Amino acid sequence: MIEALLRCEDVSDCAQVAVEYLVRETRASQVLFALRQEEGESARLVGVTGYGVELARDAPLRVDLDDDGDPLALALFAGRPTHLDGLSPENGMDGSRLAIPIPWGAVKPDALLVVAPPPKVTTELEWFAEVLGRELRRLVEIERLRGAERLLVRERALLKTVLAAVPDPVLLTDPEGRLIVANPRADALFASQEDESEGRRRAVALNNMLFSASLSRRVIDGSEEVRRELPLVDPNDGSDRLFEMMSTIIQTHDGPGIVSVMRNVTDLQLAMLQVEENYCKLRVAETAIRAERDRLDLIIDAAADPIVVSDANGAITLMNTPAERLFTAAENESPSELQRVRANDAHLSSHVANVFLAPGARFRGELGLVDPRDGQPVPVEAISGTIENEHGELTAVVTVLHDRTEELEKARLYEQLERASKELEEKVQTATSELVRQNELLRRQQIELEQASNLKSQFLANMSHEFRTPLNAILGYTSMLLQGVSGPLGEPQRRNLERVDSNARHLLAIINDILDISRIEAGRMPVHLSRFEVPMLVSEVLAEVDPLIARSKLTVRRELEKSLPVLNSDRPKVKQILVNLLSNALKFTPSGSVRIAASPKPRQDEVWISVSDTGIGIAEADQERIFGDFQQVDGSTTRQYGGAGLGLSICRRLAEVLGGRLVLRSKVGQGSTFTLVLPTKRRRK
Amino acid sequence: MRHEGSSTGKKSGAQRKVLVVDDFEDNRAMYAEFLRYSGFEVLEAANGAEAIERATASTPDVVVMDLSLPVLDGWEATRRLKADPRTKHIPVIALTGHALEGHSQGAREAGCDWFLAKPCLPETLLATLNELLSDDPRPTRGSASLKAARRAGNGV
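Protein chains in written order, with my numbering: chain V, 35 to 719; chain P, 2 to 157.
For the record, the hints were derived by calculation from the structure and aren't laboratory data.
Among these hints, one or two may not hold up.
[As the list claims (entries may be wrong)] Okay, the calculated beta carbon distance ranges per label pair:
| id | chain 1 | residue 1 | chain 2 | residue 2 | range |
| --- | --- | --- | --- | --- | --- |
| 1 | P | 26 | V | 558 | 26 to 36 Å |
| 2 | V | 525 | P | 26 | 30 to 40 Å |
| 3 | V | 558 | P | 77 | 43 to 53 Å |
| 4 | V | 704 | P | 27 | 28 to 38 Å |
| 5 | V | 703 | P | 26 | 52 to 62 Å |
| 6 | P | 84 | V | 593 | 53 to 63 Å |
| 7 | P | 26 | V | 470 | 36 to 46 Å |
[Claimed, not checked] From the derived model, a few chain V residues whose C-beta atoms are all more than 10 Å from chain P:
| id | residue |
| --- | --- |
| 8 | 225 |
| 9 | 286 |
| 10 | 330 |
| 11 | 502 |
| 12 | 510 |
| 13 | 519 |
| 14 | 571 |
| 15 | 592 |
Since we're looking at a predicted model, the values are computed, not measured.
Glycine included, each C-beta is placed from N, C-alpha and C at the ideal position.
All chains should be built: construct the whole structure from the sequences, respecting the hints.
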């Protein structure tokens, strides 16, 4: 029985075990188990279980314990089993029965067993009652504790729901700021999970630091309740949030804690900032406007150009000092001055009226004003702009007048300059076209000259042929006569014939020279190249002029350097040149010596063959002239020395035909040196 | 030089026959007289046609041909002489007052064997004839020889 009781988990189980025990042990036909229950101030005895009795829900055993007259109430507090007789047929129990109060330890009995028919009150029964009482007390105690616990859980859940429902973050922390309890709003700010994003975890860590910092300060302050602003970061989007936080210290079982309630005041803060900023802007704008107005006044006054401000009706509302000089007159002014001011005013008004006709754009015009004081014309350029209010209505017209006197003067001067420049240009153009015309003329003349020159060359070539035919007969017959073909001659006849012969030969030489010049000028001088040595050529030349040498009383020296290269040139032409030079030297040197020399100039690929004399020399002024056609130093020398004066001209031209040149060095009275420079390799011309 | 002709001419030109062609009678007569004086038999012609006629008829040993001739010029006459088997072997000496390059070139192309420029002294012509008609082989027609002859003819 004891084991059965100990196995019971609650009072009703225990009651059932007790009822079954009594039925078995005492052979009772009816057993009722009732428990004392307190309801408010009153207490009642309520049947819990039974055997052989009805415990209908609608009619349970209920005994009001406040009713002192009730036998069951009496029996409960009797302290020992009491015999009851059929006094109250509760729950179908009547007749004799035994009411056994179950002792509740030190406390008053809270349970009553009613057994019928009444068993004998034995020690066994009393022990049973005691054990049952002890067991019941334990179970009741357990049930009471369980009830309290269920209540606590419910209350906590309620509290959490309430907390969760609060729209502001609420949290309980220890004084160091460690989170103990937080509602979801607070969790969102101060709690993070491992699997959440890095950014979010950082934001949460930052929030916790900010929160702790504000708490520790608060703790140092020692004040009970602190209201302060706490800037935090929204872990969801990283934006700044401003919270107003109220913290209160509370005492918990684990020591002091801090309850903090926060309110998001970010928007409020933003709004406040906005308002503040707008206010500042307003202030700045006001200051700027004031400064601008001051500056504008200064500018207007400082401007050298007249400035006039007219209102929407065209009336002048503002003008600077230069404008006043044009548009105002003192009261004591002369009538003429007043008249001028009025005229100026009329001009301006008409100009401003135009602005009203075409508003919105800058208007430009030229006004012929006059200086009121002296009546001098003041040409001005007027530029007007309109000022409109925010509704687009014209409120003022600002007109700036620019004195154009100087400008017009400049323009006039510029025009003059331009005219002069144009005239000059025309003159230049005329001169240029004249020049072009002259050039063209010259060009034509040149062509004509060239044609003439060609004709001349052709003519000379033809003429030389015509000369030769009769000359051939003269020379031939003279020669025959001198040879005695036509019979013997007397000495005077021979002498005269020799003079005829000599002059005919001279004439032939002149004709040959003319022919050479003609051929060179016509570009028809043929060049036949051959290789020859200078020394042998010089020997031939000397042999050719031997009669001249014999006739003169001059020393002729021959100075040829060794290692002279073999020339590749037109041998007859080189010879012709040298014969001519040597003949000249012999002719024009009355006494002294003549020298023919040759030296190689390998560096220039040249050979220099020079003919020097100790003759009369040639003045520097004449040195170029003697190379001209038909030139000797003066006409008189022609008669004295003979020759047509074509020799040097031909020599120089031939030297050029051969790719060389003929150079003269001479001083009057000290003789001359003609140097024939020949290329060792014929250069391309 | 002046006496060369008179001393050697009679001997060397004794059996020689020369045709002198020149339209200018004075020159023709001058050369003819000097060559006869020097021992040549001299035929004369005043134009190219006559020259061909005489050359074909008499077969001279040498022809002295002026180039500028009426009727038929010297070049054409020479060309015909050189084309005729009867006369082609006769040497022709061209003689002209046109001392331009083209003339000698044209004369050579026409078949002339020698070229002399006027004025040409009679003794120079004689010397050339003697050289040409000597027993030695005919001289080569090198330009140097021609030029030398021409320059000698110029007499300077």
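Against the structure, the hints:
no. : hint                     : in the structure
1   : P:26 x V:558: 26 to 36 Å : 31 Å, holds
2   : V:525 x P:26: 30 to 40 Å : 32 Å, holds
3   : V:558 x P:77: 43 to 53 Å : 24 Å, violated
4   : V:704 x P:27: 28 to 38 Å : 50 Å, violated
5   : V:703 x P:26: 52 to 62 Å : 55 Å, holds
6   : P:84 x V:593: 53 to 63 Å : 56 Å, holds
7   : P:26 x V:470: 36 to 46 Å : 59 Å, violated
8   : 225                      : 125 Å, holds
9   : 286                      : 143 Å, holds
10  : 330                      : 102 Å, holds
11  : 502                      : 4 Å, violated
12  : 510                      : 4 Å, violated
13  : 519                      : 5 Å, violated
14  : 571                      : 14 Å, holds
15  : 592                      : 22 Å, holds
In summary, the structure is inconsistent with hints 3, 4, 7, 11, 12, 13 from the numbered list given earlier, while agreeing with the others.
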